[in-house]
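Visitor: Sequence:
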Amino acid sequence: MCIRDRAIDRVRRATFEMKITIEMFLCLARETDDGLYDRQFLVGPLVSKAIEQQRHLLSGKMIDVEIERIENPRVCGHPQAFFIAVNNLVRNAFEHTLAGQGPITISITEHEVLVTNQVRSNADELHAPTETSSVHGYGLGLGIIQRLCERNGWSFSLRADKTRIAARLSW
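Under this note's numbering, the first residue of the sequence shown carries the number 416, and numbering increases by one thereafter.
Just to be clear, a hint being listed does not mean it is correct.
As the list claims (entries may be wrong) - Below are the DMTMM-like pairs computed for lysine to aspartate or glutamate, each with C-alpha atoms no more than 25 angstroms apart in a straight line:
1. Lys476 - Glu486
2. Lys464 - Glu486
3. Lys476 - Asp424
4. Lys434 - Glu565
5. Lys577 - Glu510
6. Lys476 - Glu432
7. Lys464 - Glu525
8. Lys464 - Glu565
9. Lys464 - Glu481
What the hints assert, rightly or not - Simulated DEER-style distance windows between Cβ atoms:
10. Arg574 - Ile418: 33 to 43 angstroms
11. Ala514 - Pro460: 34 to 44 angstroms
12. Glu565 - Ile485: 20 to 30 angstroms
Because the hints were derived from the structure by calculation, they are not lab data.
Ideal Cβ positions, reconstructed from N, Cα and C, are used throughout, including at glycine.
Let the sequences and hints guide you as you build the complete structure.
Guide: What follows is the structure in structure tokens.
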């Protein structure tokens with residue numbers, strides 16, 4: 416891939432990310448739901464779409480993504496809001512996992528999606544997360560996810576320790 420193609424690719428991704436951000440804010444700002452908050456939809460295809468859209472963030476990192484589909488549940492709510500939330504969680508995991516620190520695990524069960532990623536390897540204590548990285552890396556987007564979940568009757572939780580971060584979206 417030549418330099419021009421890579422630059423065009425970056426512009427496309429940046430445009431897509433801006434579109435997602437705008438859609439998140441519009442979804443939260445709507446006063447009426449137009450019946451979209453009562454729709455039933457499958458979780459699996461939206462999770463797969465988020466993984467594929469964010470896969471470029473793993474380029475050159477040598478990280479495996481393990482998908483555990485115990486169930487293929489249906490969720491009631493706003494499908495776009497669900498995709499925005501899952502896409503944000505996947506993007507955070509892909510961005511904040513250092514090279515060789517996989518795997519990233521995405522588990523789909525009957526009532527939740529769980530995204531787990533390593534923040535450092537046990538062999539390399541030098542890559543511990545700092546306050547700065549966690550504040551900048553898990554800030555505004557997670558607040559938006561929380562609000563989207565509240566609006567749809569879902570719940571969101573984030574647990575972090577010295578070695579991993581687990582983000583859970585439940586319904």
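Visitor: Has the hinted range 20 to 30 angstroms been met by the Cβ atoms of Glu565 and Ile485?
Guide: Once the Cβ atoms are compared, 26 angstroms apart, the range 20 to 30 angstroms for Ile485 and Glu565 holds.
Visitor: Would the pair Lys464 and Glu525 pass a check requiring their Cα atoms to be no farther apart than 25 angstroms?
Guide: holds, 19 angstroms
Visitor: Could you grab the alpha-carbon distance between Lys476 and Glu486 and see if it respects the 25 angstroms cut-off?
Guide: violated, 29 angstroms
Visitor: Straight-line Cα separation of Lys577 and Glu510 no greater than 25 angstroms?
Guide: Measuring from Cα to Cα gives roughly 17 angstroms; hence the hint holds.
Visitor: Is 34 to 44 angstroms respected by the C-beta to C-beta distance linking Ala514 and Pro460?
Guide: This hint is violated: roughly 29 angstroms between Cβ atoms.
Visitor: Take a quick look at whether Lys434 and Glu565 sit within 25 angstroms of each other, Cα to Cα.
Guide: holds, 22 angstroms
Visitor: Can the restraint linking Lys464 and Glu486 be considered satisfied, given a maximum Cα separation of 25 angstroms?
Guide: holds, 17 angstroms
Visitor: Per the hint of 33 to 43 angstroms, is the separation of the Cβ atoms of Arg574 and Ile418 within bounds?
Guide: holds, 41 angstroms
Visitor: Is it true that the CA of Lys476 sits at most 25 angstroms from the CA of Glu432?
Guide: Satisfied, since the Cα-Cα distance of roughly 21 angstroms is no more than 25 angstroms.
Visitor: Between Lys464 and Glu481, does the CA-CA distance stay at or below 25 angstroms?
Guide: holds, 15 angstroms
Visitor: Does Lys476 pair with Asp424 here, judged by a C-alpha cut-off of 25 angstroms?
Guide: holds, 18 angstroms
Visitor: Straight-line Cα separation of Lys464 and Glu565 no greater than 25 angstroms?
Guide: holds, 23 angstroms
Checked against the numbered hints given earlier, this structure breaks hints 1 and 11; the rest are met.
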